[in-house]
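**Student:** Protein chains in written order, with the numbering used here: chain A, 135 to 235; chain B, 31 to 656.
No lab work stands behind these hints: they were computed from the structure.
These numbers were taken from a predicted model, which means no experiment stands behind them.
Using N, Cα and C, we set each Cβ at its ideal position, and we do this for glycine too.
It is possible that some hints are incorrect.
[To be verified] Simulated crosslink set (SDA-like; lysine to any residue; CA at most 20 Å straight-line): (1) K347(B) x N268(B); (2) K447(B) x E202(A); (3) K165(B) x N191(B); (4) K446(B) x E215(A); (5) K446(B) x M135(A); (6) K447(B) x E221(A); (7) K302(B) x L289(B); (8) K447(B) x D213(A).
[Said to hold, decoys possible] Okay, the calculated bits of chain B under chain A, using three or more residues with CB under 8 Å as the criterion: (9) 260–267; (10) 439–446.
One-letter residues, chain by chain:
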Amino acid sequence: MLKVEKTEKDEGVYFDLIGELDMHTGGILDNLLQKEDMTNIKKLVFVLSKLNFIDSTGIGQLIRYYREYAGQDVEVVIDNENDDIEEVLELIGLRQIIQDD
Amino acid sequence: MKRFPNLDKIENTVANFFEDLETEDFNKKISSKEVADNCYINENDGLLSITDGKLNLKPPKPGGDWPVIRPCENVSIKLRGKEIKGPIIVKNVGDIEIKPEDKSAESKFHLYLSSDNTKVILETEFFQGEKFYIKNKEEQHELIVESVFYEAIPPSPIDRNLVYEQLEQMDVVLEINRTAINSACKSLTNSQTVVVEGIEMIPSTDGRVKYMFSDSERIYRPENEKEELDFFYKGDINSVEKGEVLAEVVPPVNGVPGLTVKGDVIPVPEGKHAEIYVGEGAELVNEGQAAIATIDGRPILRGGKKVICVIPGLVVKSDVDINTGHINFKGDVRIIGNVLEGLIVKATGRVYVTGSVFHAEIYGENGVYINNNLIGGLICAGGEAAEYKSMLPLLEGLKNKLQGVRSIFDQLRDNKKFSTHDLEVRGHGYFIKLVMEMRFSDMFRDLKRLYEMMPRDSDKKKEGIWPVVELMYTKFSGHGPLQIKSIDEITKYKNFLGRIIEYICEDLDEPADVKAGYCQNAVIKATGDVVIGGSGVYHSKIHSGGKANIKGFCRGGEIYGDTKIIAGELGSRANVHTLIMVPMGGEIIAHKLYPNVTLGIGKHKRKNTELKKQIRFTSEDEIVKL
């Protein structure tokens, strides 16, 4: 299961992902973002520290958001303090394109 | 003297007289036909005629002549019982007998021996007879008696007993073909029939030397409809390789004795044995029954004895151009001149060029040596090994990247926060594609470069590593990786590449070197060293299986050395990008190193950013030092 907690701050919109981001739950995040009005958003932050699991589909989804919102001048950032999740991001190469907050 | 007054009148009269004389002569001519038909001049002459084969006489009137009779072909005229052949005067028809002379039918035969006395031949001839009758003739003074054919007389069969009698006199001992004789005698048609037959002698065939090479200077390979017309192709230089069979002895074949019709044996002499003669570059084997080449070179036949020699090396005493055409030779080739654009020189030995090479291709399996400049084109020393050696950096890079993908997967599999459930459902392809794009994006570029090295010939594409290269290109390009079910497939490709790299790196019998004075916009591949002894190398691609030694500058392009690269200057003040690579354990030495030059040892690469002098780039325990 995936629970998403949205927080709006001055610097941008934060999405806290809790639970699993994988091929089964990715649609929940997709639906949420589709409803979001990006007009005045300058920065999107995905917080992964509370994720239990992430799979390659979830990684691919985050990369997709990065590429999509880059075209709309929205900065996409991944905030994470979990070492295991960070290892996943490093090994797959996501950290080469999406910086830490 | 005073003129006679009537002279004119006299002259006119004379002229008229002559005119009158000429007119009278023309009117008095009698036609030859009238003379032939009538045969008489005087109407008092006697006449002869023929009616129903009977001669009739009209005696002459006083003053006339008796008529004349003459025989023609197939006519008999007798005067008082005596045959006459020419014209005679006829005074009494009772003395004359005229009758037609029939031609009688004839059947004859002739027996004769063939030139070798193994046959008796019966030759038969049949001639048809002819019957005539005397032609009616009207009254004439000179009568030619003619006959007219009215019936043929068939010939009779030949009496076969006469044939047998004659055969007996010929001392024939072998069986007589009586059926043939009977048939020939009765056939009434001309024939030549064998009536007694012995055995023809079959002569022996002398042995001979069968030469396995052409004595032409050039040999043209069969035309291939798929190949484009090549105006530079003037045929391949006639050449052989060491060990190649040059000639074989074909042994004699003994004949079969004959037998004459008289029972005598016709002996047959034995066939003569042939002998191979060899000179320099060739030797006899199999107890003289064959000759082989002891060196690569051009085979020739010398002298009347046809001594087989192999001349090492080919010397081209001119430029290699449209006049000489391409050169393809087994052995060394020495070119006293240049090699011009579009030409190809191939040698199983070494290629020496005293001049320069311009946009040409040179393949020397034992080395290529260019005295002057190499401008454009391709130089390959060491055969296919050089081609494979030049692929090594790409293959090693691919192998390392595939290993990287595998390693990442193995590490993530042990990560407790990473789920592989999606991979179990859809296969590992998505993960592989993701990692390749994010971590090893230049892998596709390397695969494409390898793919572009594939030969264009569809048969050669099936050889060597090319089928796998083609498969890898499909598997790892675009959406190809999504089809991969398991990460183990990546391991298989990695292992395959590892084995190929091992084979390529194995020690060769003898490395083949390339030497040139100057090199510009060219490609050099060598299993041995590459030495550019002149001013330098400009925008070229060099793969050396040993050392790459560039005395002058090296600007632009890519230089690969399997052991060491030594150069005067790497790069230039204009900061042109240059790639210099050696494998782990190798070293790069230069007097000057300009910015924008990338130095690589194994997978470690470093782009230089400032001018440096006297540099030495090495690796020790996998640590790169500059």
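**Student:** Is the Cα-Cα distance between K302(B) and L289(B) 20 Å or less?
**Tutor:** With Cα atoms ~23 Å apart, K302(B) and L289(B) exceed 20 Å; violated.
**Student:** Against the 20 Å threshold, does the CA-CA distance of K347(B) and N268(B) hold or violate the hint?
**Tutor:** Holds, because 17 Å separates the two Cα atoms, which is no more than 20 Å.
**Student:** Against the 20 Å threshold, does the CA-CA distance of K446(B) and M135(A) hold or violate the hint?
**Tutor:** holds, 17 Å
**Student:** Between K447(B) and E221(A), is the straight-line Cα distance small enough, at 20 Å or below?
**Tutor:** Answer holds: K447(B) to E221(A) is near 9 Å, not above 20 Å.
**Student:** Taking 20 Å as the top limit, are the C-alpha atoms of K446(B) and E215(A) close enough?
**Tutor:** Given that 20 Å is the threshold and the Cα spacing comes to 15 Å, the pair holds.
**Student:** Do the alpha carbons of K165(B) and N191(B) lie within 20 Å of each other, as the hint requires?
**Tutor:** violated, 42 Å
**Student:** Take the C-alpha atoms of K447(B) and E202(A), compute the straight-line distance between them, and say whether it is at most 20 Å.
**Tutor:** Judged against 20 Å, a Cα distance of about 26 Å means the pair is violated.
**Student:** Closer than 8 Å, Cβ to Cβ, for at least three residues: run that test on the segment 439–446 of chain B against chain A and report holds or violated.
**Tutor:** holds (count 4)
**Student:** Establish whether the coverage given for the segment 260–267 of chain B by chain A is satisfied; the threshold is a Cβ-Cβ distance below 8 Å, and no fewer than three residues must meet it.
**Tutor:** violated (count 0)
**Student:** Need the status of pair K447(B), D213(A): alpha-carbon distance at most 20 Å?
**Tutor:** holds, 16 Å
Going down the numbered hints, you'll see the structure goes against 2, 3, 7 and 9, while the others check out.
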